[in-house]
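All chains should be modelled from the sequences, with the hints used to inform the complete structure.
When you line the sequence shown up against the numbering used here, it's residues 1 to 457, in that order.
Since the hints were derived computationally from the structure, they do not count as laboratory data.
Just so it is clear, CB atoms sit at the ideal spot from N, CA and C, and this is done for glycine as well.
Hints are supplied without guarantee of correctness; some may be wrong.
Said to hold, decoys possible - Restraint ranges, calculated between C-beta atoms of paired labels, are given here:
1. Pro-111 - Ala-62: 49 to 59 Å
2. Ile-21 - Glu-57: 20 to 30 Å
3. Pro-50 - Arg-173: 32 to 42 Å
4. Gly-354 - Asp-440: 40 to 50 Å
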Amino acid sequence: MLGFGSIGQASLALLLRQLRIAPSRLRIISRSPDRSAIAAAHGVEFLAQPVDEQNYESLIDAHLSAGDFLLNLSVDVSSLALMRACRRRGILYLDTCTEPWPGRYDNPDLPLSQRTNYALREEVLAFQREQPVAPTAVVTCGANPGVVSILVKQALLNMAADCGLEAGRPAGRQDWARLAQRLGVRVIHVAERDSQVADRRKQHNEFVNTWSVDGFVSEGLQPSELGWGSHERHWPADAARQEQGCGAAIYLRRPGIATRVRSWTPLEGGYQGFLVTHAESVSIADHLTLREGGEVSYRPTVHYAYHPCDDTVLSLHELAGKSWRLQGRRRILRDEIRDGRDELGVLLMGNPRGVYWYGSRLSIGQARELAPHNSATSLQVVAGILGGMVWALRHPLAGVVEPDDLDHDEFLELAAPYLGRLAGVWSDWTPLKDRTRLFDEPVDRDDPWQFLNFRVN
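So this is what it looks like as structure tokens:
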């Protein structure tokens, strides 16, 4: 295990228990020596060692050999470099996001297009095409990205059953895309509302979060990105297209944590979240694309709509006031959480029956019963890690795969025990429902599924 932050600590006990890994067969490498106590309590070797471009291959050689597994939960270590090294040595691999070496996310001299998840994904896909049959590397497989790609497929099947539409068993990405098209799906939100609250509230000059502070802030300061649907007629004033690759997404010339969007979950109702870039916004849109004669005939708009816990929202407001310079203190909420849940799912919009949300409702109490060292948020990530690792062990020569490529029913069977209650709910909600009439807004009330209507300027 490379990296031992909040997700690594949350994963450890379940890796040992569910994958039946002997503690002597697991090693943890982390740049932070003060995180060794949890590893020691489980009898696992812990090495305090920063990883960089000069030493990553020697560390892999020292600790892994053919048939072993590298679980990459680090930040500021190139995922692509690790994948290349693992492929050459016959080592299986999984990560929860595609990371570059330091200096890419926050380099003002780089074009915005190169600081996007779209660009990082295209580099991984190029590596995938080099050798389709190779040791399995499962990329971007946590909760989101990860589990949510699986939830989209199950949601489509649920919608088809509820609408009396014969769906059969889709055999590949084109079948899934045709099913989404037949159901009239025009927009997909990864709709998440984290309501967890701690005994000690956010303090001045402190950034708190229920998962990695560094990871959230770094992705939040990337350009906002979204899969761009074939139905869209309006063009955001600050949007830009990518010049290379699949063409499934656009980016905005602003950070994701400065972009608010209107969305909905069943327990919260309507809310305003942040359109933070995520790999699934690109991969889901790409996998659900249909082309005729080389032209896109169908693609949904896809993006994240994230309302983190309330103290994290306060942290973001303070961060914005400091011109995006991170606060002096950082704190991960876990043991001090006293109440709340993480409601994480996918909201599919455009069907005549209404919108359909399908996802995980996991409370802090349930998370603590299921596994130690977890919040509701971290356990949803761990569920994706476990599902992806077991899938890789069962399919060791699949090459580079995204969560969208995996067998959704097999994956969901593995992950579901750690997702709390999985629920599907229909609603008549739209982005225009209950909108105030105090101010004029440039919206097309005859068509609520345009991205312009989701933005809050």
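*Against the structure shown, which of the earlier numbered hints fail to hold, in ascending order?*
Hints 1 and 4 contradicted; others consistent.
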